[in-house]
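Undergrad: For the sequence shown, the working numbering begins at 87 and goes up steadily by one.
For the record, the hints were derived by calculation from the structure and aren't laboratory data.
No experiment lies behind these values; they were computed from the predicted model shown.
Beta carbons: idealized from backbone N, C-alpha and C, even for Gly.
Any given hint could turn out to be false.
[Stated by the list, open to error] In silico DSSO-like pairs for lysine-lysine, Cα to Cα no more than 30 Å straight-line: (1) Lys146 to Lys136; (2) Lys146 to Lys156; (3) Lys98 to Lys146; (4) Lys156 to Lys136; (5) Lys98 to Lys155; (6) Lys136 to Lys98; (7) Lys146 to Lys118; (8) Lys98 to Lys156; (9) Lys118 to Lys98.
[To be verified] What follows is a set of in silico ranges between Cβ atoms, one per label pair, in the way DEER data are often shown: (10) Gly95 to Tyr144: 13 to 21 Å; (11) Glu105 to Lys146: 16 to 24 Å; (12) Gly140 to Glu105: 35 to 43 Å; (13) Ile96 to Asp152: 31 to 39 Å; (14) Asp103 to Lys156: 16 to 24 Å; (15) Asp152 to Glu105: 37 to 45 Å; (16) Lys98 to Val129: 24 to 32 Å.
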Amino acid sequence: MVFGFEGRGINKRIAIDTEHNLAATILEAADKAAELCPTGSIVIKREGYKLPYGTRLYDKEPIGLDIEKK
87 MVFGFEGRGI
97 NKRIAIDTEH
107 NLAATILEAA
117 DKAAELCPTG
127 SIVIKREGYK
137 LPYGTRLYDK
147 EPIGLDIEKK
């Protein structure tokens, strides 16, 4: 399975190269895409929300807030 980006700006979205629909994909815990996702939006089924809401990295401050503060 290959992840990529489609579109630009606010219309950018994650694309997944698969012959079937997204539900048919199998994202393994060892897949780097989920590990490297800076927002935590790519999650492993039944694994993704082990950290409670409010304790994840971007639950505390939105992405880019550090740049906006400058």
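Undergrad: Next step is simple, just say for each hint if it's right about the structure.
TA: Status of each hint after checking the structure:
1. Lys146 to Lys136: 17 Å, holds
2. Lys146 to Lys156: Given pair Lys146, Lys156 holds - Cα atoms ~18 Å apart, limit 30 Å.
3. Lys98 to Lys146: 24 Å, holds
4. Lys156 to Lys136: 33 Å, violated
5. Lys98 to Lys155: Holds, at about 24 Å.
6. Lys136 to Lys98: Given pair Lys136, Lys98 holds - Cα atoms ~27 Å apart, limit 30 Å.
7. Lys146 to Lys118: 24 Å, holds
8. Lys98 to Lys156: 25 Å, holds
9. Lys118 to Lys98: With Cα atoms ~20 Å apart, Lys118 and Lys98 stay inside 30 Å; holds.
10. Gly95 to Tyr144: 13 to 21 Å: 20 Å, holds
11. Glu105 to Lys146: 16 to 24 Å: With a Cβ separation near 39 Å, Glu105 and Lys146 fall outside 16 to 24 Å, so the hint is violated.
12. Gly140 to Glu105: 35 to 43 Å: Given a distance of about 38 Å, which is inside 35 to 43 Å, the answer is holds.
13. Ile96 to Asp152: 31 to 39 Å: 20 Å, violated
14. Asp103 to Lys156: 16 to 24 Å: Given range 16 to 24 Å: violated, Cβ gap about 37 Å.
15. Asp152 to Glu105: 37 to 45 Å: 40 Å, holds
16. Lys98 to Val129: 24 to 32 Å: 19 Å, violated
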